[in-house]
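Here are the chains, one letter per residue:
Protein chains: 2
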Amino acid sequence: MKVGIRVLPSGKALKLKVGANLRTGLIEAGVAIDSPCGGQGTCLKCKVQLTGVSRKLSALEREKLSDAERQNGWRLACHTTVEAAGEVRVPELAVSRAKAGLGMLGEAIRLLPNVQRRQFELAAPTLADQRADWDRLAGYLEETRSGAVTAGLGLLQTITGRLRVNNFKGDAILVGNEVVEIDPPDAGREMLGVALDIGTTTLAVGLVDLDTGKVMAVDAEMNPQIAFGADVISRILYMQESGEHREKLQKELVRGLNQLLLRVCRQTGRDRERIFEIAVAGNTTMLHSFLGLETMYLARAPYVGGLSRGQSLPAAELGVQIHPRGKLYLLPAIASFVGADTTAVILASKLYESDAPRLAIDIGTNGEVMLGTKDGVLTASTAAGPAFEGGKIKHGMRAVRGAIGSFHATPLEYTVVGGGTPRGICGSGLIDLVAELYRVGIINRKGRMLLPSEMETPVAPELAERVRERGDQREFVVYRDREREITLTQQDVRELQLAKGALRVGIELLMKEANISAGDIREVLLAGVFGNYINREKAITLGLVPPFPLEKVHFIGNGAMEGALRALINRKERQKAEEVAARVRHIELSGRPDFESNFIRSLELGDKL
Amino acid sequence: MKVGIRVLPSGKALKLKVGANLRTGLIEAGVAIDSPCGGQGTCLKCKVQLTGVSRKLSALEREKLSDAERQNGWRLACHTTVEAAGEVRVPELAVSRAKAGLGMLGEAIRLLPNVQRRQFELAAPTLADQRADWDRLAGYLEETRSGAVTAGLGLLQTITGRLRVNNFKGDAILVGNEVVEIDPPDAGREMLGVALDIGTTTLAVGLVDLDTGKVMAVDAEMNPQIAFGADVISRILYMQESGEHREKLQKELVRGLNQLLLRVCRQTGRDRERIFEIAVAGNTTMLHSFLGLETMYLARAPYVGGLSRGQSLPAAELGVQIHPRGKLYLLPAIASFVGADTTAVILASKLYESDAPRLAIDIGTNGEVMLGTKDGVLTASTAAGPAFEGGKIKHGMRAVRGAIGSFHATPLEYTVVGGGTPRGICGSGLIDLVAELYRVGIINRKGRMLLPSEMETPVAPELAERVRERGDQREFVVYRDREREITLTQQDVRELQLAKGALRVGIELLMKEANISAGDIREVLLAGVFGNYINREKAITLGLVPPFPLEKVHFIGNGAMEGALRALINRKERQKAEEVAARVRHIELSGRPDFESNFIRSLELGDKL
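Taken in sequence, the protein lines are chains A and B. With our numbering, the residue at position 390 of the first sequence is 393, and numbering never jumps. With our numbering, the residue at position 301 of the second sequence is 304, and numbering never jumps.
Derived by calculation from the structure, the hints in this document are not laboratory data. Any given hint could be a false lead.
[Unchecked claim] DEER-style ranges, computed between Cβ atoms:
1) A:Leu553 - B:Leu130: 35 to 45 Å
2) A:Glu146 - B:Glu554: 27 to 37 Å
3) B:Leu115 - A:His557: 30 to 40 Å
[Said to hold, decoys possible] Computed far set for chain B versus chain A, every beta-carbon distance over 10 Å:
4) Ala111
5) Asp132
6) Asp138
7) Asp186
8) Asp274
9) Met299
10) Gln314
11) Gly444
12) Leu453
13) Ser593
Each residue gets a CB set at the ideal place from its N, CA and C atoms; glycine is no exception.
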C-alpha cells in the first residue's frame, strides 16, 4: 500500500510504500537529503521533521535525538519507517554540509576551478572569412584568454552542428585547456564537479556547482571492494593473484562510484553528464586499484607504487559515467604509503603555511601523521590502522550498526552505533574501553590486564568481577546476554598498544625531527571519518596522542575530501597540492635507528611523553 | 600445383601456385616489393628479374619494358603469372623509392622525429628512495631533456612490470611529450612511423624507420570510399543523408588504411604495433571523413569545414591499428578547400622560401595552385578536377587498366594503361586528345569541333573522317571495334575547357595578385599522382599552364605524401607546416570581380596568355 507524502518546503507530493525506509524513499524520489554515512545511522545528518508519516521511534532515535527534537517531530530519516500519509520537512540540503564554497574547516574556497565556462559570440563564416569551425572558436577563445586551447575527437565530431544551431553563439566549457562541450547560449545548464575520497572502507563524494562554488550535496557509500578484503593488504593479496582479480576490483570500485554519483545527482535533480571533472583523493592502494595499476610492490619492501604524481585522465577510460569528455584529476601522493589523501589533508589544513607548529593526524585504515612548521611539512606513516578498524580484535568490527562506539566505566555505560543489541567493538569503543580500564586500574601501564587479586587501586566489584581467565589469556566481559558475549581480551589490548605505539612514535619522531616538543604544538587536528567519533580526552588518557591541552585538539572531519574539494574548486590549490607533495618530507619510520627504542617506550599506556 | 621459387638476394625459398600473380604471391609471402599503384600496372615500380618462373610476356610488358630489359629477364611482377619453378631477383625495396631519408625531391630530411627513443637506467628503489615507478622514470627523462613528460592510463597500468623485468633499464619511446612504450634494453625493437596521404581516389603510405629516417617501403591502395562516389561532392552528398552513412565512410576508410598498413608491414617484415605515429595529409573532405566530422558545409557557400588546424589524436580512437597508444598527426589545412595536402606540397617544395617566383600545381580530384614569392605563398583552389579524373566525360575513366593514357594524332597512336583493349579515356589521354586535335586543326581555338568541310588547315583524311555528328552533337571516334566505340564528344571538349579554364585562371590570378608575369616564374612544379602522367608539352599546347619553357616544368610526384614524410621525420618541419598554413594567403577565386572575365578568356585553347 502506498500513502501520500508532502515534502516541505518544496511542496512536492510523493507516494511511498508503507513499510519503506523514509530516507531511501526520499532519495529515490529525487529529494536531496544529506547522509554521508549512507544510511548507517552514524552521521546523524539526515534529520527531518515529520507531521504524521511515522510514530514509532527507533532505539537509535531515542538515544541520539534530544527531548526537544523528539517533541518537535524531528526524526532520523534513515531510521524511520513509513507508516501513514503526512508531511516531511527536509532541511535545505541538510544545511550543515551544503555551504557555498565553505569547506569543513569553515573557510571559503575562492572560486577558480579548472572547469571553466566561456561565453562566445563568433562572426558567422563568409566567403571572405572561411575559417573552419574549430579554428574559429579556438581563435576566439585564445584571443580572450592566455594559452592555446585543444579539442578531442568527440567535440570535433559535433562542433559543426552545435555552432550552427545557435548561430555561432554559446558557452564553451573547458577542462584545463581542452574544450569539452558547447552549450547553447543562455541555456543555464549547470557545470558540475565532484570531489571524491576513495577510502579503503568508504567512498565519499561532494557534488559542487562550479558556476557558484556551492557544495550541492555530500554523500557516501561503502567501498564495494570490502567484499574482497577489509584492509589494503588483503586486497593487494587478492589482486596479485591474477590480472582478472585486479580488473575485478577496479570494476567494482567504478561500479560503486557510478552508483554513488547517480544517487547524488538524483538527490539534487542534476544530470551526471554535466559533471565535467572529479578531483580524487584517496590512499595509494585505492588509487592504484581505481586506475587498475599493479599494487603488488606496495606491500613489499621497499614499498614502491606505480604512480605518485598528480595525473589527469579521461573519465571514460576508466568507465566513470560523467560527461563523455569529463576528466579525473588525481591528487599527487607524497610517498607510496603516504597517499593523495594525506596531500589533501595537508591542503585542507593549510599545514604548509604553519607559523607555529601544527600537528594533523588522519586515522583511517592507516594512521598518517603530519607536522607543519615554518620550515615545512613532515609526514610519517604508521601501521596504526587495523586495530582501529576492528582488525585483529577478537570482537572487533567497523563502526557500523551494532558496534559499541563509546564506553564509560564508572558507572558502566556504552553506546551502540545505530542502536539495538551490541554485536562487537569498533575503533572508538576500543580506545574508550582500554582507556577506561586503564583509568580505573584494571589494566596497568604496561597494558597487562589485572585479576581482582592483582589490582593495586580499589575497583568497583561489578567491574572487577568482569575480568576472568579463559584458556591461556585474560579477558574483560563487556556485554553478555543469553546468546552472546562480547569481550576485550589481553591480546586485543596488545594490538591496541601496537597501534597506539606506532601512532605515538610517529608523532614523537616527527617532533624530534623538527626539534620541537609537545608544548610547542599550537594545534592538533584529527581527520578521517574515524576522527569524528574518537573521544579526545580518552585518546590523551591512553597516550594515543601526547598530553595536549584539550582546547588545542580539533576534529576536521574528512580532511581528504576537503582537500579534494579545494583542488576541484580552485586550480591554484591544485598547483599547491603538487608543490606540497613535492616539498613535504616523508620520514620512513622503519628505516630509523631510534624507531625501535621509541616504539617500545610508546607501547606503555598513559599520558607521559 | 605449387612450384618452388627462390627469392634473391635473400635466398628465401617460397612455394607459389601455378597461375598465381607473382606480385601478390611475393607480398603474401612477406617479400618487400615496391608497388605504389597497388598492382594496376601504372607505376612500373615492381620490376623483378626472373630465371624461369614465367615465359609469357603480357601486353603491358611488351609495351613498357625496353628490349634490353626483356632480354635480361626483367618483368613487371604485377603482370606476371607464375608458370614454373625458378628464381626471382627483387631489387632491394625497389630502390627508387626507398631512399634513406630522401624525399622524392631528392633532398635529405634531417632526422628529428616527434617519436623519440630515450635510453634510461634508473636507480632501483630502496627504503631511502621510494619514488613511484612513473615518478622515477618521468623524473629521469625530465632531467635529461627539457620539458615535462606525461603518460596515459595504458602505460601506467604496465609500467611496474616493465621496469622490474629489466632491472629498471630500457628504452622509453615518446610521442611528443607522452611516454607511450617501454622497451627492454638493447632489444633493437624498431620504432616506425608512417606518412599517409588520403586522396579521394588513392591511399598512399610510406613506412619509415624513425631510428634511421630510412623509408622502408611505399605502397598505395584504392580509397575504399570509391564505392560510394568517385569525387568529394558525391561522398559529401552520401554522408549528409545520415549519421550512419558518415560513420560507414569513416569505417571504410579506416578499414582500407588498416589493410594497407598490414600489407606494407608484412612486405617489410615489420610489426604494425611498432608504428608509433602517422603523419596525415589529404584533402579537407577526406580528412573530415577520416575523423568522422560533418562535411555538409564544405559543399555549401561559404564552404567552411570543421577543422583546419593541425591536430594530434590517439590512433585507437579512430580504430587505426598501430601501437595501442600511437598517435595520428593531421597536417593543418589552409582553407576549407585548400587542404592539408596543399600544406604538404608547399612543405615538400619549400615554396615558402622562394627567392624567385615558383609555381606549384597539384592536380588531384581538385586542382590546387600555389605560388611562392619572396613575399610569401599564395594559393587558389580551382574546380579543375572532375574532367581530369574522367568525371562528366562520355567515355571518361580513371587511370586504371584499359584507359587510353596518351594520344598522338599524326600518325595516330595511343597507349593503354595496363595494355590490352581500350575501355575509355583517362585524364592524361583527354588532355592529349584535345591538344592533338587542336594542333592538327580538328578543334579550333574556341573549342569547337570542326566537320571536314569547316577545317581551315589541311587535315589527314583518316583523321578528318573520324569527326561526325551524332544526334545534336559532334564527336571524334577515337577507337572502334566490333563491340564498342570510344569517342570524344563536343561536350567532353567543353568540360575539359571548363577544367582547363579554371586551372588557368587560378594560375593567372595568382600571378596578378603577386604582380608578376609568366616570364618571372623560375620553376613550375607539377604534383599529384596525375602529375606523373601528364604530357608537359601538350599541357602547354592546350594552355592548361602558361607557355613556360619546358625545362622549367618538373614533376615532383606525390608532393602531399612527401610533405607528410617531412612532418613525420622532422618535428621542425611540422612546426613549419603550422606556420605555413597560418601564413599562406588563400585567394578565393569565385569572390573576385576579375574572375568571370578571366575565366571566359581562359576557356580558349592555345598557349597565349
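Each hint tested on the structure:
Remark: the range hint 35 to 45 Å for leucine 553 of chain A to leucine 130 of chain B is upheld by a beta-carbon distance near 37 Å. For the pair glutamate 146 of chain A and glutamate 554 of chain B, the supplied restraint of 27 to 37 Å is violated, since their beta-carbon distance comes to about 48 Å. At roughly 58 Å, the beta carbons of leucine 115 of chain B and histidine 557 of chain A sit outside the given window of 30 to 40 Å. For alanine 111 of chain B, the non-interface assignment is confirmed: its Cβ lies about 32 Å from the closest Cβ of chain A, beyond the 10 Å cut-off.
At roughly 8 Å, the least C-beta separation between aspartate 132 of chain B and chain A is not larger than 10 Å, which violates its mark as non-interface. Residue placement check: aspartate 138 of chain B does not keep its beta carbon more than 10 Å from all beta carbons of chain A (closest about 5 Å). No Cβ of chain A comes within 10 Å of the Cβ of aspartate 186 of chain B; the nearest lies about 18 Å off, and the non-interface call holds. For aspartate 274 of chain B, the non-interface assignment is confirmed: its Cβ lies about 23 Å from the closest Cβ of chain A, beyond the 10 Å cut-off.
At roughly 8 Å, the least C-beta separation between methionine 299 of chain B and chain A is not larger than 10 Å, which violates its mark as non-interface. Distance check for glutamine 314 of chain B against chain A: the nearest CB is about 8 Å away, which does not clear 10 Å, and the non-interface claim fails. No Cβ of chain A comes within 10 Å of the Cβ of glycine 444 of chain B; the nearest lies about 42 Å off, and the non-interface call holds. Against chain A, the non-interface label of leucine 453 of chain B holds: every CB pair exceeds 10 Å, the least being about 40 Å.
With a cut of 10 Å on Cβ distances, serine 593 of chain B falls inside the contact zone with chain A, its closest approach being about 7 Å.
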